[in-house]
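Enquirer: Fit chain V to the given chain L structure using the hints.
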Amino acid sequence: MHSLNLVIIRNSLGQVGFTVIVIVLASAAIEAVLYVALKVILKNKYALPVMLLAPAAVGLIMLVVYPVFYEFKIAFSNMSLRHFKNPSYGLGRGWDNLKLIFTQPVLKQVMFFPLLLRTILWTAIQISFHVSLGLGLAILLNRPMKLRGLYRTILIIPWAIPQVIAALTWRGEFQYQYGFINIMLRDIGLAAIQWKSDPFWNFVAMNITNIWLGVPFMMIILLGGLQSISSEYYEAAEIDGASGWDRFKSITLPMLSPVMAPAVILGTIWTFNNFNIPFFINENELETSDILVTALFRAAFQYNRYGFAAAFAFVIFLVLFIFAVLYMRATGGLKGVYEK
Amino acid sequence: MKKILAVLLGLLIFSSLAMAGGKQEATGQKQTKEAVQKPVSIALWTKEGEADGGLQYVKALADAFTKAHPNVTFEVVNKNVETLREDFQTASLAGSPPDLLWTVSDHAGPFTAADLIQPVGNLFDLSKYVGSALAAVKLNGKAWGVPISNGNQLMLIYNKALIANPPKNTDELMKVGKQLTHGDQYGLVWNQTEPFWLVPWLGGFGGKVFAADGKTPTLDTPQMVATLKFLHDMKYKYKIIPAESDYNGADTLFKEGKAAMIINGDWSLGGYKKVLGDNLGVARIPKVSSTGIWPKPYTSGVFFMIPKDLSGAKLEAVKAFINFTTDKANQLEMVKKLTRLPALKSALDDPLIKNDPILKGSADQMIVGTPMPTVLEMRSNWDAMKPEMQAVLANKKSPEAAAKAMQRAAVASIKAQQ
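Line order of the protein sequences matches chains L and V. Per the numbering used here, the very first residue in the first sequence carries number 137; after that it's consecutive. Per the numbering used here, the very first residue in the second sequence carries number 65; after that it's consecutive.
Just chain L, same shape as in the assembly (with noise of 0.2 Å):
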């Protein structure tokens, strides 16, 4: 084994440092040519905040648009190993990806609607268990206690493993012989269980190591959310001799709504787009186990299906921005507590 030494960081900065300073440059020449134009030959009022967006607003052009539009035009060929540089595109190549989603298995056996439905109930699953414990974590932390900065740091540090290595963990624990789980499992005499090789507990294990994962981020928000509610509410409710759910139902709640709408929505997009847990969890590849997000990544990864995944791309992200007009339409999500 290598240890780091002075040859090896002063190799790897060689190896970087030419793009950094090209990134470095090509900013300041930005910033250059937008100043010479915009101040002083247009004297723009605008030019300072214009100048200040500009770094980012390439950076987002390059590593957000231009792909986006390069997957729109992948969806338009049929792209595949054997037609890998030279592909051929058309209107027809588009329609024949998008009849093939909703007419052949998308993977090997699994149909575009199956895998919607599944995708759906592991989004619910999980919202609901994320919103439900973490809004009940909140209330408890949000009393006055004794060592409540410890709690609140206990129970963030799922959040704050990156989600590749908890998974990996957890798939280490999901192990027949080895994991811990099927060795208390055993110890108090239960039969171990078949966690990566059964459809339905794979689906289980993916849907435990996620909720594991996901309550302390809407713990946080949540309790952010209620720090906010004024005391003075729940004192006046006291005083006209409210119940404690009368106080929940009608002060928490509604107050609660801005900021659990939002991290909702942020929860739901999440969730179904999550490729770490269901990708990971499922060592087998079982198709049992995978959502759109996963089965996506095979069809064009694993079996190099560039056109026909890139046009299931884009059914996908339709399936989310319905979702997500309609659920800000219902809720009224985005506005403030006093404009309903």
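This list has only true hints and no planted wrong ones.
Computed cross-link-like contacts, BS3-like style, restricted to lysine-lysine with a CA-CA straight-line distance of at most 30 Å: (1) Lys319(V) - Lys351(V); (2) Lys383(V) - Lys372(V); (3) Lys209(L) - Lys372(V); (4) Lys303(V) - Lys351(V); (5) Lys279(V) - Lys235(L); (6) Lys221(L) - Lys143(V); (7) Lys337(V) - Lys400(V); (8) Lys235(L) - Lys468(V); (9) Lys479(V) - Lys235(L); (10) Lys479(V) - Lys221(L).
Worth flagging that the hints you see were computed from the coordinates, not collected in a lab.
Expert: Relative to chain L, chain V alone:
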């Protein structure tokens, strides 16, 4: 403000000068013939993992080469076989592939279909390598890889401390397996997630994955059904294998002495020798009793493959490294360290191999093996077999239904690639 402007403009001028300088340097690099003297950094992706000492061996080779040619440095990256293929395709699409691959022969199928690697016939003297190894990477009349080791076949590896004589046929296997399965010990373990472990048995039941044309899948056959049924019986009727075990699980059970036998490939021999020492035994996978045929594991080997656009100083360095790796001294070193059969003819005749019982067992298994198909259609077959084999082993599908589903999926996948 003027000062800032001056600084910015200064930077702009400097950057354009720097970029122009960079360009000049790049064209200059192409022109020099004495490229070998310039510093060259080679990104090498290998499928060799750390557990059986393969990765350490590759790194040691790279270090030894750098010592002799200080201008050539390596960045050795380990990726498991499937990840290596996927990542190489993606990296090539993005225009930044690694400089050299150390991988298995069947990757030649997808890589040549996608036009990602170059033929090696004009770069090396291939006549010095064993013919059966080279045959595994020949497609359309060209060789697409340089062999490092020959074999890659699965075999029956056993722990002499638990079983003195390996079973000769499947009836014996089930009988002995049952006796050896008790408590947390198993008679037999193997990677139940990959169809690579199904293929030998399919051969033993007289089946093949392709028709005579070598590219029409023949997965829905009585032979495949019999094979799947046999695997299912192993788990549910005779109960000689764990309820669940992937590659690492099987490997660990065997290394810890909790499994008497394992079906694994030649790549694992080095690691097992280290753990079991003289207790390690190697034999053929037991003959299928009902047919009287020896199981036919796929044989191929490990190969260097060179990305399509590699040229200039990097290509020269890669060529030198490949010749270095496959010279006689290093091939014999590989035999010693990894217990694999060499691909170099002159190394194969060395007494080191002839006198080694493990290597003799490995070579004996290879005789009944069958060359692994390299065509792209094989990819579709693997992908189609995998979920169905798992479904049968999880008791979720009947062998008949699984065989049907395999065939359907393979045909659909081949069509999708056209």
